[in-house]
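Reassemble the complex: the two chains are provided individually, in unrelated frames, and hints are given to aid placement.
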Amino acid sequence: MKIFRSEAFPGVLSAAGLLLLWKAASLFFLPTFLPAPLELAGQIISIFSSASAYLVIGKTLERVFAGLILSMLLGAALGLGMGLRRAVASFFDSWIMVLLTFPSISWAFLAVLWFGLSDAAPIFAVVLIVFPYVAMNVWEGTKALDKDLTDMATVFRAKRSQLLRKVFIPQLMPYIFSSLRISFALAWKIALVSEAFGADRGVGKELTYWFQGSRADMMLAWGASFMALMVLIDALVLRPWENRVFSWRQVAAT
Amino acid sequence: MASQAVVIEGLSKKFPAPGGLGEFAVIDALSLQIARGSFASIVGPSGCGKSTLLNIIAGIEPHDSGEVRIAAQDEANTQARIGYVFQSPRLLNWLTVEDNIKFALEAQNIRRADWDERVRKYLDMVGLAGQERNFPLKLSGGMQQRVAIARAFAIEPDILLMDEPFSHLDEITARKMRIDLMRILERARPTILFVTHSLREAVFLSEEVYMMSVKPARIFKHLRVEIPRPREPEDPRLFDLEKDLVKEFFAVLEQAYR
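Residue numbers (my numbering), protein chains in the order written: chain F, 1072 to 1325; chain P, 4 to 261.
With the rest of the complex left out, here is chain P (with noise of 0.2 Å):
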């Protein structure tokens, strides 16, 4: 299907067991699909094996076996182009900011002549317009954040993958971070699969909520958030929805953990 920009079929992902005595599985069986420009969220507990599942979705883990699908949308590229924003920025600290940005466009082929404008636009979009030859060690963690959530947007990715990337952050920067991103998809639309333990983060800012149990790493629901954007943190209806899931979550992990 054309419209569908990341296809998951039947993965299925081994670990050794902790002791060496055989092994068990992380992820069993997942299948899952994200449409074009939609805003999945994967809510799981820690450890579940949601950053395995995304690192598998990178690249920089093997699978052993199922299929990862990623359309890439542009023609000439026929490698798609995957954006990550990890827990922890990740920036190349004795770059600036703007060479940490154009690092990212350089390894994927853009032209050198649109570098500039790229790192114009996005570093503006996520707000840190005249950081552009800061170091990163230069600027606050919530910052370095952005730079490397700018990192991932400008290099115009078919899939954005996110790991928890607020985690790290104080509650207040976090909570700020995550309207401030409400507000750059209303301006940039990748296709976004963004992995959290935080029901109320993943009802906040998707249109498609995974749930996921453990051992092994199954998605026993799957639900729209119909609520129209931008929301308000403080909406009603969210803290609604949040509740019901809570208790559907907890349903499910009793059971998981029996």
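Okay, chain F solo, but in the shape it has when bound (with noise of 0.2 Å):
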């Protein structure tokens, strides 16, 4: 048959598989401890039901981004300037090793015992664990310079602004792009973690909360629906984003 050959049939086949594994699974148990599919759904529902589930989810994203923005304007600063600069890059690069090998989850405990119940401890905890990485990451892109370029803005006498707006940022971009998807994901994740430890609302808070409770099913209703905002924010905000900074490399159908 014509179906079984189309290309999305195994992966329709591999989600309608899961969810029959799961369906059955919750058969054996509580439906708060491993709610079926239908009964997560009704969960999700009445969660997005009440006006303030968004407030929680605004507050969440509220310091996700707060901490992306700045992991990304402080890593990729230090990446250029360690690229650009081998003092800059023996000053701080035995600090960025120590950044990226310390246990991230101490961090997480750390920002609360510091800040307490505050914005700034996830903030704190997302800033120290992803920017270190968008560093390391702009700094290697900074090796892949190609010098034949800086040679023709010297040769045309290029001020320092131009060199570093219209030559260097630009061939480090798949690098800086390539930073902020995963930063975005790890953002979000630590941020959650952050949370869970102490803050007076957020999703990590409803996390732990309904933990308190034995509700494995609304951790997961919590988990499920903020995974598919990460998700949509991706596709619609990143990638976009990404193939429109990048849409000069579109290359003529001859």
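Keep in mind that the hints are not guaranteed to be accurate.
Said to hold, decoys possible - Covered by chain F, per the in silico footprint, the following chain P stretches (three or more residues, Cβ under 8 Å): (1) 59-72; (2) 109-122; (3) 187-196.
FYI, nobody ran anything at the bench for these hints, they're computed from the structure.
No residue lacks a Cβ here, since even glycine has one placed at the ideal position from N, Cα and C.
The structure is reproduced here in structure tokens:
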């Protein structure tokens, strides 16, 4: 039959298989311990039908993006600086290695100890974990800068700002974007963990709240909702943005 | 002398010898003068130090001794304007054709009010009118090199350096570009120092030809090509001249490699 040969078929089969297995497993447990697919969908709808859910999600998103933007700015600036000035690189090299190897989970705890129940704690945790990664990536990118283009710009006496904005940064954009996508995925996970350890409000806080009530169904519902939102942001914001920035790469179809 | 655009005196450049033992001279006591508005070529075999010489003139490679002076025409601009057409276009592929040219204009402190006029004039001159908003990667290799030529002409340089600018193109495109360059020179006459390994290209395009030997680079012959321009590529006088020069070249090279 034609349907078996269609390209979507394996994907559809795997999703259907997963749902079936899930449904079968849920028959052996209480709905609050392992809800069936439809029961979970019901819980997700109930979450989104209350106004306070939007405030909770909004608060977490605010922290994720504050941390992400700070990490990107700090990381990109440091990575660029390290790439262009050897002294900056040898100064910060060990700092970055320390930050990258320090266990991430400790930052989440320490942030709560140092900053208490505030926005600062999750943002601090996100920045400390994400920015060294961005700096490392952008620094790596500076090693691939095309010397021929730098020479060209030097011959034409390009100013430092021109060199930076029109020669260096565009060449680093692939590294900046790959950092951004991975940082985004990292940032929201860290923010949730940090909120779980201590926050007045947020998706992470919801997870601990329902954990204390042994409500696996609500934890799954919150987790799934937030995951869907993150996938949507990636697909509707980050990817189209990336495609637009790199539109110059489309070579003529001759 | 005021009529000289470029004066090079006793220029020497050493590179570390392969294997790390000592140094060898790439360029040794080279002297050269290029009159304002003339088209001079340096012809030499690959690896003779021609590109190194251009890079020293352009200021992107240091030299060991001697002097390079470029006279600035523009009194207000104390630094000489240097245009450079490289072997490959070296365009900023993320900027439009227009913005690539404006990049050079901005770097040279040319008044912003003049930018559009310059872009239009020089793109038109290289036959790319209407491509302002296109991105370089949408253009063929030959067209990209034309953008690079427009960029170098647009700053109206005191000296325009061209480093085998047609060597990366297929022969048919290269041939068309040479003829077009000849036409462009009827409209704009910067001082040009053109480097090539092709005697035919040199005699076709230039008024002055300097022939360079290897190890170290030294100019062993200088001649004027007296054939009036525009020239036809098939002009038998060019062929005769090329034939004579090739003979002379081999005589010198045989000595150098002995």
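Per-stretch coverage check for the segment 187-196 of chain P, three Cβ contacts closer than 8 Å to chain F:
violated (count 0)
8 Å C-beta criterion, at least three residues: is the segment 109-122 of chain P covered by chain F:
Answer holds; 3 residues pass the 8 Å Cβ test.
Residue count check for the segment 59-72 of chain P against chain F: does it reach three with CB-CB under 8 Å?
holds (count 3)
Hint compliance for this structure: hint 3 alone is broken.
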